[in-house]
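Line by line, the protein sequences give chains A and B.
According to this note's numbering, the first sequence holds residues 43 to 356 in order.
According to this note's numbering, the second sequence holds residues 43 to 356 in order.
Calculated directly from the structure, the hints in this document are not laboratory data.
Accuracy of the hints is not assured; some may be wrong.
Over the 12 Å line for every Cβ pair with chain A, so calculated as not near, a few chain B residues [claimed, not checked]:
(1) 43
(2) 44
(3) 63
(4) 84
(5) 87
(6) 89
(7) 93
(8) 167
(9) 248
(10) 292
(11) 314
(12) 319
(13) 330
(14) 331
(15) 350
Calculated pairs, DSSO-like style, for lysine-lysine (alpha carbon to alpha carbon, straight line, at most 30 Å) [unchecked claim]:
(16) B:240 <-> A:174
(17) B:240 <-> A:162
(18) B:162 <-> A:240
(19) A:117 <-> A:349
(20) B:240 <-> A:240
(21) B:45 <-> B:117
Note that the structure is predicted; figures quoted are calculated from it, not measured.
Where a beta carbon is used, it is the ideal one built from N, C-alpha and C, also for glycine.
Protein chains: 2
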Amino acid sequence: MMKFVEVFAPATVANVGCGFDVFGFALDEPGDHVRITPSADSEVIISRIEGDEGRLPRNAEANTAGVVVLEYLRKIHSQQGISIELYKNMPLGSGMGSSAASAVAALVAINRLFDDILTKEELLPIALLAEKSACGTAHADNVAPALFGGFTLIRSYDPLDVIQIPVPDGLYCCLLHPDIEIRTEYARKILPVNVDLKTAVAQWGNTAGLIAGLFRSDLDLLRRAMEDHIVEPVRAPLIPYFYEVKHTALEAGAIGCSISGSGPTIFALCTNQNDAEIIADRMKYVYDAHKRNCQIYISRLNPDGPKILSEDIL
Amino acid sequence: MMKFVEVFAPATVANVGCGFDVFGFALDEPGDHVRITPSADSEVIISRIEGDEGRLPRNAEANTAGVVVLEYLRKIHSQQGISIELYKNMPLGSGMGSSAASAVAALVAINRLFDDILTKEELLPIALLAEKSACGTAHADNVAPALFGGFTLIRSYDPLDVIQIPVPDGLYCCLLHPDIEIRTEYARKILPVNVDLKTAVAQWGNTAGLIAGLFRSDLDLLRRAMEDHIVEPVRAPLIPYFYEVKHTALEAGAIGCSISGSGPTIFALCTNQNDAEIIADRMKYVYDAHKRNCQIYISRLNPDGPKILSEDIL
Chain A
43 MMKFVEVFAP
53 ATVANVGCGF
63 DVFGFALDEP
73 GDHVRITPSA
83 DSEVIISRIE
93 GDEGRLPRNA
103 EANTAGVVVL
113 EYLRKIHSQQ
123 GISIELYKNM
133 PLGSGMGSSA
143 ASAVAALVAI
153 NRLFDDILTK
163 EELLPIALLA
173 EKSACGTAHA
183 DNVAPALFGG
193 FTLIRSYDPL
203 DVIQIPVPDG
213 LYCCLLHPDI
223 EIRTEYARKI
233 LPVNVDLKTA
243 VAQWGNTAGL
253 IAGLFRSDLD
263 LLRRAMEDHI
273 VEPVRAPLIP
283 YFYEVKHTAL
293 EAGAIGCSIS
303 GSGPTIFALC
313 TNQNDAEIIA
323 DRMKYVYDAH
333 KRNCQIYISR
343 LNPDGPKILS
353 EDIL
Chain B
43 MMKFVEVFAP
53 ATVANVGCGF
63 DVFGFALDEP
73 GDHVRITPSA
83 DSEVIISRIE
93 GDEGRLPRNA
103 EANTAGVVVL
113 EYLRKIHSQQ
123 GISIELYKNM
133 PLGSGMGSSA
143 ASAVAALVAI
153 NRLFDDILTK
163 EELLPIALLA
173 EKSACGTAHA
183 DNVAPALFGG
193 FTLIRSYDPL
203 DVIQIPVPDG
213 LYCCLLHPDI
223 EIRTEYARKI
233 LPVNVDLKTA
243 VAQWGNTAGL
253 IAGLFRSDLD
263 LLRRAMEDHI
273 VEPVRAPLIP
283 YFYEVKHTAL
293 EAGAIGCSIS
303 GSGPTIFALC
313 TNQNDAEIIA
323 DRMKYVYDAH
333 KRNCQIYISR
343 LNPDGPKILS
353 EDIL
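Working from the sequences, and respecting the hints, build out all of it.
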C-alpha cells in the first residue's frame, strides 16, 4: 500500500445558465487538494484542514471529505485507518462547488490508495452522498463535472445518468466571487415550486440548444441558448450588482454570463484567454466602482477532472 | 414564368416525446402535394382539393395553402393570380402535421414559381402564419421540419430560432393513426398551465439528452431521453389503448414511442426498416384485438424536406 496520495479536484460551475440541476463544467483552477495517508489503526480522521478559516467540521462523519472516505471503505469492506489532510483553495458557500471539490479529491485519492478498484461511475454515487450531507440535496451538477471533467449533463437523477458533452477548444471562464456567502439550502428554498408551461418550454428549448451549440462548437448558438428564464431571475437579487456585472461581461464579449451554481459567484464564459482577462477586469471594475470586495478567477475549462498530484508507493 | 409547379411536403412528428413545442422531424411519407398554376387575373383561388372528404375550406383566405400563397404574394408585392390544387394524402386532425404539410408544399411551390427568391428561413414565418390560422397557435414544430427536413429544434419562438440536428442513419418511424380526431386547440386546452420545477428539470434533462443522443448516434441514450413527463400523461387518455400500444412498441424494440404532435397518432421511432415493419404490425395488432380501426404508416426519416415533383417552364 502507498504511503500517501495527494489529489487535486477542480472548482465547477453548475447550472450554466439555462441548465438548472442538469449542467455543469469543470475548471483548471481553483481547486482543492486532499492528501490521504493510511494509518495503523482503523480510524478515519481529519488530521488537518487549511484554507477554511476554521469553519469546516473536523469530525470525519460531518466533513464532506470524511463522509466519502468512510462510505468508500464501507463499500469495499475495508477496516483501513485513514488520515485526511484537506487544503481548501476556494471560498466556502461560493457556488463554485467547494464541497464537491473536496469530496471528489478525497474519493479519487482513497480509490487510488486501493489501486483504483472502483470506476468513476461507481465513485459518483458516493460523492453524491457527501453532497447531500453538505447541502441537503443530492444534486450532481458539481460532483459530476468535478469527477469526470469537461462539461456534463445529468440527464436523470433516478436512475443517475451522466452524459459527457464535448467542449469547443479554447473556452475560458472567469469568475467573480463577491465577498458574501449564500447557503445552498437558502438559494434552493427561494426557488419557485411551479413554473408556467410556456417558460418551461423556453427553458428546455435552451437546454437542447446549448447542447447542440457545444457539439457544433457554435459559440453564437451558445450565446443565444445560455439564457435562464427561471432560476437566475429569482437568485439575482441576492447578488450585489448582478445585472450590472452581467451586462458588462456581455458587452465586453462574453459568450454568456450567469450565476455559478447557487451563487453568489458570477461566471462568464469566454471564447479565449485574452478575452477572459479583459472581461474579468471589466467585471471587477463594476465591484471596485461600488467599493465592494470580490475575488476574480480566470481558468481554462478543464477537460480531465481530478489530477493525482503526488503519491509515494512503498 | 412557369406553366405550373407541383411540390410534395412531408408529414411530420412534432414534440418527439420530451420536446413539447420544440422538437419535430420529417417523414418520407405520407405527404401532401400542391400544384400551383399562374392565372391571367389577379385572384388566388383554390381550384381543387382531393383527399379531404370535402372538409377543408375552399376559400383561399381560410385554407392554409391559400393563406401562405396570399401572404407570399403580399410579401413580394405581386398581383399575380394563382390557382391552387391541393392533394391531401394524410388524415386531418391526426397529429401528423397535415396543415403544415399543405402550407409548406404551397409555399415551396409559389416560391419556385418566383425563381426561389425567398430563402427557407424567410418562408418559415409565412408558414407559421398559416399554422396560426389553422390551429390557433403559431407553433413551429411541424412547419420547421416539413420545410427544412430532418430533425429540427425550435430553440426559441421570439425571436424564431430553428436549429437543424443531425439524425443517425437508417432511422425509421411507424405511425398508428386511430380512427378518431383530436383538435389541436382542445389538445392544448387540457395542458397544465404550470408544471412543478422538479418535473420541469427532468424534462429539460431529457431534451438536452435527446439532442446529445442524436449528435452521438447513441440510440440507447435516445431511448432513455425520449420520455415525456408533462404532456403525454395528460393527452394519453384521449387516445384509445395508448399505453398498450406504447408498451407493445417498446417491447418489440422501438427506440421510443409517444404521441405524434397533439395526437391521436402514435409514433414509434425504430432503428431500421425491418424493425419498423415488425413493430408496426404489433401496434396494429393491439387495435385489431380491440376491434378498433387504424391506419399504419411506415417511413424513413426524411432528411431533405419538400420535393419539387414536376414543373413546366415556358
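These are the hints, each one checked on the structure:
no., hint, in the structure
1, 43, "holds (39 Å)"
2, 44, "holds (37 Å)"
3, 63, "violated (5 Å)"
4, 84, "holds (41 Å)"
5, 87, "holds (38 Å)"
6, 89, "holds (39 Å)"
7, 93, "holds (33 Å)"
8, 167, "holds (17 Å)"
9, 248, "violated (7 Å)"
10, 292, "holds (17 Å)"
11, 314, "holds (24 Å)"
12, 319, "holds (30 Å)"
13, 330, "holds (35 Å)"
14, 331, "holds (33 Å)"
15, 350, "holds (29 Å)"
16, B:240 <-> A:174, "holds (17 Å)"
17, B:240 <-> A:162, "holds (26 Å)"
18, B:162 <-> A:240, "holds (26 Å)"
19, A:117 <-> A:349, "holds (23 Å)"
20, B:240 <-> A:240, "holds (16 Å)"
21, B:45 <-> B:117, "holds (22 Å)"
Checked against the numbered hints above, the structure violates hints 3, 9; every other hint is satisfied.
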